[in-house]
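Based on these hints, arrange chain G with the ligands on the given structure of chain D.
The primary structure of each chain is shown beneath.
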Amino acid sequence: MSTMAAPVRQVSGGVNVKIVNRVVIYGLLALFALFYLMPLFVMLVTSFKTMNEIQNGNMLSLPKAPTFDPWLKAWGETCVGLTCAGIKGYFWNSIKMVVPAVLISTMLGALNGYVLTKWRFRGATLVFGLMLFACFIPFQSVLLPMATILGSLGRLGVSLQNSVGTSFGLGNPTVNLVFVHVVYGIGFTTLFFRNYYEAFPTELVKAAQVDGASFFQIFRRIMLPNSMPIFVVTVIYQFTNIWNDFLFASAYAGTGDSMPMTVALNNVVNTSTGVVEYNVNMAAAMIAALPTLLVYVLAGRYFVRGLMAGAVKG
Amino acid sequence: MAFLEINGLRKRFGQVEILKGIDLELEKGGFLVLVGPSGCGKSTLLNTIAGLETITSGEIRIDDRAVNDLHPSKRDIAMVFQSYALYPNMTVAGNISFGMEMRGVPADERQKAIDKVAKVLQIGHLLQRKPSQLSGGQRQRVAMGRALVRDPKLFLFDEPLSNLDAKLRVDMRIEIKRLHATTGTTIVYVTHDQIEAMTLATKIAVMRDGEVQQFGTPAEIYNNPANVFVADFMGSPAMNLIPATIGGDGSGMAVVLDREARQPITLPMTNAPAGLSAFKGKPVIFGVRPEALTDPEGAERNASHIATADCHIEVVEPAGSDTFAVTNLGGKGVVARLRADANIQPGTSTPLAFNLTKAVFFDPATENRIR
Ligand SMILES: Nc1ncnc2c1ncn2[C@@H]1O[C@H](COP(=O)(O)OP(=O)(O)OP(=O)(O)O)[C@@H](O)[C@H]1O
Ligand SMILES: [Mg+2]
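Protein chains in written order, with the numbering used here: chain D, 5 to 318; chain G, 4 to 374.
By construction, these hints were calculated from the structure, which means they are not laboratory data. Computed from a predicted model, the values in this text were never measured in an experiment. Idealized CB from N, CA, C, for every residue including glycine. Don't take every hint at face value.
Heads up, simulated DSBU-like pairs for lysine-lysine below, C-alpha to C-alpha not over 35 Å straight-line [unchecked claim]: (1) G/K115 with G/K180; (2) G/K31 with D/K92; (3) G/K133 with D/K122; (4) D/K77 with G/K170; (5) G/K156 with G/K115; (6) G/K335 with G/K31; (7) G/K23 with G/K133; (8) G/K77 with D/K122; (9) D/K122 with G/K156; (10) G/K361 with D/K122; (11) G/K361 with G/K206; (12) G/K31 with D/K122; (13) G/K170 with G/K180; (14) G/K119 with G/K77.
A few chain D residues that face chain G, going by a derived Cβ cut-off under 8 Å, partial list only [as the list claims (entries may be wrong)]: (15) E202; (16) A203; (17) L208.
Extracted from the complex, chain D is given alone in its bound form (with noise of 0.2 Å):
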């Protein structure tokens, strides 16, 4: 294939063109950058009426007398299913549940990276291969193998139990979540790893290993210490894929008191007696979408550098 010249386009109009260009650029960006912000703007202005100005007022109305409530309601008593305790439990459900799953899965993601690049095998390049195939599995064709393995482990969990008096966690649904999402994220997290490290200079290992230092000496004081920005980039992916993951939420703690906060949330808007809370539904979603904003806040500086990064150093 040829590839073709360009046409050189004379900017006859000059300055009033490039003016024009600009106002419809920004113009533009504008009615997209609203466009995205009008859900959350609604959300949040909701969040804070009382009922009977959402049903008696505009949607897009700022609330005329602004209340606490309805957050306080939705953190503390609102109906999820049949029990009246609020979300505040499944939020901390989540948390149980994502905080282990990305540090598990970030630091496997690290230590794969590292062996991967700096300690290479026969058939490194092929278990990579592998690896990144695991990123474009579909959830939908995982769910029914690992509810056979999370029943098998349960089972394993119950003959624990009785027999040495500790189940080790096995068919705890948290735990069984926990499992799932490292195994499922271990791919993004070697993919992410193994790019950094290796632009990483392998002759700092080996002048670790003239030192005298061991496998797990060089990953621990060489390798991790010089991997800010990839850690950071990793764990904000995770956090937020986990945190807001339904999916595998649903299918393997979609009752009971262990459910995340997605489940949760849901049940909330689901649960239909008598009149929509609109006002508490929003707080509720509010909360829920707060963590991962909270991480983007804090990390998203490194987020962007990152990214930047990897892409120069390939």
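Coordinates of chain G with the ligands only, in the frame set by chain D:
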């Protein structure tokens, strides 16, 4: 018994053989310099000595002990990498003491060792900085410090000065020479730099394509090159390698150098090497270094065997301390080194003195030295 011995060392990466049977030995306190064109396997050889690369066959002995299967940390070596390889997350002090820390040296002893090395290398004021806050020369010294603090059996240096500017390079070269002289350590050193090789080495190994072409003292390598490659590689400006024929009658022999559109030059030989008689009437490569091709007044006084011939000068390059003149012999530009005040003009003919005591001959077919 040599301190470092390498016997029949071979290394292959996949199907490609990178080191094709290396034999070297170095006495205790020796300074071995590895030179050779890029990609000839110098770094690979150094890495195998360090144990950072496995070897395919052969043997490496350090201090009379085979180290083939020993982990790098157990070989009692210290290495300075081409890129310095300083740990970016640690301070200078942390970098220098990391090896001791890994070996479980107590903190107060580490501190003493750091202070001592920092004083030698004059980096005391930099100890709390990170490598990214240092200049190239300072990083270089820290990298040296990391090796020096260990007092190992063997130092390995991989082109440690290649990233420095000319001035700093000279300073560091002298520093390394002083270090070697005062501490008497054994060093293996890779470089591209002729002058570094000649000034630092007690032994030089010239490598090409994974083979050692010649192994000897700097003087041997310089004055008695084993083949055309070594003659051409060592020395700057390079040795003149002139296509010539061996002429002469009866027992006397002469070197005949063709010239374009002029009478050939005939240089009578009285001290020809024994092997040269087999080449009578045949082509050879005549090697003469620029400093052995001078104006008659500047010729070495005690050289026993000097032949003078008129040469047509094409280019004159005054270079401060010397003047280089280019003439054409055997179809090639030939560089002569004259006194700085030699009065010559391009386009004229002037007599040049060939110091035939220093001349060498090579077989054009095998490129090996005729002895
Ligand atoms: N890990 C490797 N796998 C395959 N080939 C390699 C590997 N490392 C080095 N080589 C090859 O071995 C040869 C020698 O490499 P080496 O780094 O030893 O060269 P060098 O003499 O140090 O060159 P330079 O002066 O440029 O540093 C090169 O041709 C290189 O391509
Ligand atoms: Mg090299």
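Do the hints match the structure? See the list:
no.	hint	verdict
1	G/K115 with G/K180	holds, 25 Å
2	G/K31 with D/K92	violated, 74 Å
3	G/K133 with D/K122	holds, 24 Å
4	D/K77 with G/K170	violated, 75 Å
5	G/K156 with G/K115	holds, 21 Å
6	G/K335 with G/K31	violated, 44 Å
7	G/K23 with G/K133	violated, 41 Å
8	G/K77 with D/K122	holds, 20 Å
9	D/K122 with G/K156	holds, 27 Å
10	G/K361 with D/K122	violated, 51 Å
11	G/K361 with G/K206	holds, 21 Å
12	G/K31 with D/K122	holds, 34 Å
13	G/K170 with G/K180	holds, 16 Å
14	G/K119 with G/K77	holds, 24 Å
15	E202	violated, 16 Å
16	A203	violated, 13 Å
17	L208	holds, 5 Å
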